[in-house]
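Colleague: This is what each chain is made of:
Protein chains: 2
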Amino acid sequence: MAELAGNCLIGQSGGPTAVINASVAGVVSEALNHTCIEEVYGALNGMLGILHEDLVDLAAESQQAIRGLRSTPGAALGSCRLKLKKPADFERVLAVFQAHNIRYFFYIGDHDTQDTAAKISALAREQNYEIRVIGIPKTIENDLPGTDHCPGYGSAVKYIGTTVRELAVDADAMGAGDLVTIVEVMGRNSGWLAAGATLAKRRDHPNDPPHLIYVPEVAFSNDKFLDDVRRTLKRERHCVVVVGEGLVDKDGNYVAVESSAADAAGHSQLGGVGEYLKDLVEAQVGAKVRVARLGVAQRAAAHMAAKIDVDEAFLVGQSAVKAAVNGESDKMITLVRGDGEAYTCETGLTALGEVAATTKKLPPEWVNEDGVSMNFQFYRYATPLIQGEVTVPYDNGLPAYARLAKESVAKTLPGYEG
Amino acid sequence: MAELAGNCLIGQSGGPTAVINASVAGVVSEALNHTCIEEVYGALNGMLGILHEDLVDLAAESQQAIRGLRSTPGAALGSCRLKLKKPADFERVLAVFQAHNIRYFFYIGDHDTQDTAAKISALAREQNYEIRVIGIPKTIENDLPGTDHCPGYGSAVKYIGTTVRELAVDADAMGAGDLVTIVEVMGRNSGWLAAGATLAKRRDHPNDPPHLIYVPEVAFSNDKFLDDVRRTLKRERHCVVVVGEGLVDKDGNYVAVESSAADAAGHSQLGGVGEYLKDLVEAQVGAKVRVARLGVAQRAAAHMAAKIDVDEAFLVGQSAVKAAVNGESDKMITLVRGDGEAYTCETGLTALGEVAATTKKLPPEWVNEDGVSMNFQFYRYATPLIQGEVTVPYDNGLPAYARLAKESVAKTLPGYEG
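The listed protein sequences correspond, in order, to chains E and A. Using the working numbering, you'd call the opening residue of the first sequence number 1 and step up by one each time. Using the working numbering, you'd call the opening residue of the second sequence number 1001 and step up by one each time.
Among the hints, a few may not be true.
Stated by the list, open to error - In silico contact screen, one side only, chain A against chain E (beta carbon under 8 Å); selected entries:
{"hint": "1", "residue": "L1179"}
{"hint": "2", "residue": "L1199"}
{"hint": "3", "residue": "V1218"}
{"hint": "4", "residue": "N1222"}
{"hint": "5", "residue": "L1226"}
{"hint": "6", "residue": "V1296"}
{"hint": "7", "residue": "A1300"}
{"hint": "8", "residue": "A1306"}
{"hint": "9", "residue": "A1342"}
{"hint": "10", "residue": "E1389"}
{"hint": "11", "residue": "V1390"}
{"hint": "12", "residue": "P1393"}
What the hints assert, rightly or not - Covered by chain A, according to a simulated footprint, are these stretches of chain E (three or more residues, beta-carbon under 8 Å):
{"hint": "13", "stretch": "124-134"}
{"hint": "14", "stretch": "298-306"}
{"hint": "15", "stretch": "350-358"}
Claimed, not checked - With a cut-off of at most 25 Å between alpha-carbon atoms, the simulated BS3-like pairs for lysine-lysine come out as follows:
{"hint": "16", "chain 1": "E", "residue 1": "K86", "chain 2": "E", "residue 2": "K411"}
{"hint": "17", "chain 1": "E", "residue 1": "K361", "chain 2": "E", "residue 2": "K406"}
{"hint": "18", "chain 1": "A", "residue 1": "K1361", "chain 2": "E", "residue 2": "K288"}
{"hint": "19", "chain 1": "E", "residue 1": "K119", "chain 2": "E", "residue 2": "K278"}
{"hint": "20", "chain 1": "E", "residue 1": "K361", "chain 2": "E", "residue 2": "K83"}
{"hint": "21", "chain 1": "E", "residue 1": "K322", "chain 2": "E", "residue 2": "K119"}
{"hint": "22", "chain 1": "E", "residue 1": "K234", "chain 2": "A", "residue 2": "K1406"}
{"hint": "23", "chain 1": "A", "residue 1": "K1224", "chain 2": "A", "residue 2": "K1234"}
{"hint": "24", "chain 1": "A", "residue 1": "K1322", "chain 2": "A", "residue 2": "K1288"}
{"hint": "25", "chain 1": "A", "residue 1": "K1083", "chain 2": "E", "residue 2": "K288"}
{"hint": "26", "chain 1": "E", "residue 1": "K278", "chain 2": "A", "residue 2": "K1086"}
{"hint": "27", "chain 1": "A", "residue 1": "K1086", "chain 2": "A", "residue 2": "K1119"}
{"hint": "28", "chain 1": "E", "residue 1": "K250", "chain 2": "E", "residue 2": "K361"}
{"hint": "29", "chain 1": "E", "residue 1": "K83", "chain 2": "E", "residue 2": "K119"}
{"hint": "30", "chain 1": "A", "residue 1": "K1250", "chain 2": "A", "residue 2": "K1360"}
{"hint": "31", "chain 1": "E", "residue 1": "K322", "chain 2": "E", "residue 2": "K234"}
{"hint": "32", "chain 1": "E", "residue 1": "K224", "chain 2": "E", "residue 2": "K361"}
{"hint": "33", "chain 1": "A", "residue 1": "K1288", "chain 2": "E", "residue 2": "K85"}
{"hint": "34", "chain 1": "A", "residue 1": "K1083", "chain 2": "A", "residue 2": "K1360"}
{"hint": "35", "chain 1": "A", "residue 1": "K1361", "chain 2": "A", "residue 2": "K1083"}
{"hint": "36", "chain 1": "A", "residue 1": "K1307", "chain 2": "A", "residue 2": "K1085"}
{"hint": "37", "chain 1": "E", "residue 1": "K406", "chain 2": "A", "residue 2": "K1278"}
{"hint": "38", "chain 1": "A", "residue 1": "K1085", "chain 2": "E", "residue 2": "K307"}
{"hint": "39", "chain 1": "A", "residue 1": "K1288", "chain 2": "E", "residue 2": "K83"}
The hints are simulated quantities; they were obtained by calculation from the structure and are not laboratory data. We put the beta carbon where it would ideally sit given N, CA and C, even for glycine.
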């Protein structure tokens, strides 16, 4: 493979995770190891920054700042939810790439992100512009195909598991009366996050909280739910329920839709399933109900990130650069689990174009017959992904997160007319 | 002061905090230093356990378990929300004390708890039953009078500040459009917790998030709120709002009351102010709004406890025992801040009977004229209270919290007929 000399560009897209910045750190530090890569640029707010030619010089950042990215939540370069559609926009992206001699493009995100990367790569090929495009996976929802798991998932599960355990201990402390604690977690199309809460149970304590877990992969029924709650209250005196926001009934309809409005990328706004279940329990069971809606904290709680997740997020960044330098393009980096008893993980590659089309569901055979708990296969899968704690730097009592200097790269093109 | 020989009893009452168990650890370890204290008992679920004669032997617990209490949330002995009213119930408490030769009673809680302790002590005096009763403060709401601050507050603020900082970083990452993040925190009658979120701003960065803080001590106005949000969005492109659940308008009415139902102690159920403000912003400003309702996690997040708070919670437990052994009774332990530049704190005493009547408000002069930010006096007060991190033990990726063996003390009385 002939060496391709030129500049590299990194962008972040979609909802941030606790470790998406660790992938940026991985790309930047690896890029600097290769002389064929001249400048290391970042795109502000992903595709938005590319369209507007808002690029920054990442090689100019202090090493301290790049190291700090390993433990900083949010998207340090800024993110976006933009699905390119107009041919003129794709042309504009290519024009920006050409203007800045971008020969390596690394795009960190989930389905839509990888889809956009694939389309840009196809256009470049069509126009004989040589560029290597590598996708880097991230999503707390863990639903990208072709990879054992997704960076961001382990940390989100570690945070959810910790919070469920703490809420359960608090609920258990109140001696009088029946109390139902409902924890609503993310998971638009899959139950990976809700299922992950099961790790809050101690080994060999199946009756530990969370007592009931509802995932979108199992059709939801009001009657069964109420029976489950009544049975648990009888046995335990309190009941901890974990529910994914994307819960559906047997006809495939969402149990709770917050509003009919759709976001810019055309996704309907889910939410409110916790409140829906609260109303149900209050009306039918008469127990007191608390709802915790963890929301964005699930993807932002870097103080509770799993060390293994941070390390793997950094690794997929590094591997993306290595793959591109070795001549790969149109691929997304994947995580490949070793076959041995002890957990090991290395990276692989999958075709970019195949990522967008598929949502990886929680395997139904990992859910017990009761429909509300996970079996040993899920434990074996998820337990290694939440291991290890990170040491976040503290300043005056609170986590100190890194900020980039974001030194602008001079613009050379006329302004974007979108 | 003549030495008083007999057994001691510890109870926990009201909503747990991240550090209420550290106070139990302080009492137990100090009690074992004094030969006049024979048995060290715990009451399960506070007054409920006393009425039902459900006592456990705390001296029989492993040292490991007692040490583990320092970093365990919830109430390890169980808690309750029970305000004794019937004379027969007070008589029953005294009968249980006599039956078990309880000569030292330590009750950990807030206003109602200290009130109950004062009444029991008065009855004992009336009946010439010699007992020393010492109250131990705890509340994340920080509103007990007579003490510089309350154990539990610093850890709750550390957790709120961390979460606000993480949510703000996440919100800041999304480049397109106006986004309002509303974080609803506890604080039925005072703004201590909401105000504490201001520590998420970096020093000398007044425009850092949280941009707007609303406390019950400042009358709320819809118009001013909407102006504040519009101004912030114009300046920052996104806006982080922190709001206390007990917000009131200029006539003193709660801005949002979840339901007319009152709990067992007669407190109305607050909540929903976050959703209320969301509806307001969506209707009047048209921005996208995210609401995070931190709920019980604020008082249960032991993984984010402030070391200084854990240490002080342990200290008030120790001091309670020392005071009682020295002949004090009818007092609550207080925290007394030193006058020097560097933060120091020792314990003092205040009359139990004076605690219940007063809610300590956030001093209005600590709020800036804009009504939505805190001045240097608040920073000077609160900053020392969130310092230091704790090392929670982890087991298989999640915090491992202690559980007590709770070896029952034999009952000697007829059952409680409440």
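Colleague: Confirm or reject each hint.
Modeller: Hint-by-hint comparison with the structure:
no.: 1; hint: L1179; in the structure: 10 Å, violated
no.: 2; hint: L1199; in the structure: 6 Å, holds
no.: 3; hint: V1218; in the structure: 24 Å, violated
no.: 4; hint: N1222; in the structure: 22 Å, violated
no.: 5; hint: L1226; in the structure: 21 Å, violated
no.: 6; hint: V1296; in the structure: 5 Å, holds
no.: 7; hint: A1300; in the structure: 4 Å, holds
no.: 8; hint: A1306; in the structure: 7 Å, holds
no.: 9; hint: A1342; in the structure: 14 Å, violated
no.: 10; hint: E1389; in the structure: 6 Å, holds
no.: 11; hint: V1390; in the structure: 12 Å, violated
no.: 12; hint: P1393; in the structure: 11 Å, violated
no.: 13; hint: 124-134; in the structure: violated (count 0)
no.: 14; hint: 298-306; in the structure: holds (count 7)
no.: 15; hint: 350-358; in the structure: violated (count 0)
no.: 16; hint: E:K86 to E:K411; in the structure: 23 Å, holds
no.: 17; hint: E:K361 to E:K406; in the structure: 38 Å, violated
no.: 18; hint: A:K1361 to E:K288; in the structure: 29 Å, violated
no.: 19; hint: E:K119 to E:K278; in the structure: 44 Å, violated
no.: 20; hint: E:K361 to E:K83; in the structure: 23 Å, holds
no.: 21; hint: E:K322 to E:K119; in the structure: 22 Å, holds
no.: 22; hint: E:K234 to A:K1406; in the structure: 22 Å, holds
no.: 23; hint: A:K1224 to A:K1234; in the structure: 15 Å, holds
no.: 24; hint: A:K1322 to A:K1288; in the structure: 55 Å, violated
no.: 25; hint: A:K1083 to E:K288; in the structure: 19 Å, holds
no.: 26; hint: E:K278 to A:K1086; in the structure: 34 Å, violated
no.: 27; hint: A:K1086 to A:K1119; in the structure: 12 Å, holds
no.: 28; hint: E:K250 to E:K361; in the structure: 17 Å, holds
no.: 29; hint: E:K83 to E:K119; in the structure: 11 Å, holds
no.: 30; hint: A:K1250 to A:K1360; in the structure: 20 Å, holds
no.: 31; hint: E:K322 to E:K234; in the structure: 57 Å, violated
no.: 32; hint: E:K224 to E:K361; in the structure: 22 Å, holds
no.: 33; hint: A:K1288 to E:K85; in the structure: 23 Å, holds
no.: 34; hint: A:K1083 to A:K1360; in the structure: 21 Å, holds
no.: 35; hint: A:K1361 to A:K1083; in the structure: 23 Å, holds
no.: 36; hint: A:K1307 to A:K1085; in the structure: 38 Å, violated
no.: 37; hint: E:K406 to A:K1278; in the structure: 33 Å, violated
no.: 38; hint: A:K1085 to E:K307; in the structure: 52 Å, violated
no.: 39; hint: A:K1288 to E:K83; in the structure: 19 Å, holds
Of the numbered hints stated above, those contradicted by the structure are hints 1, 3, 4, 5, 9, 11, 12, 13, 15, 17, 18, 19, 24, 26, 31, 36, 37, 38, listed in ascending order.
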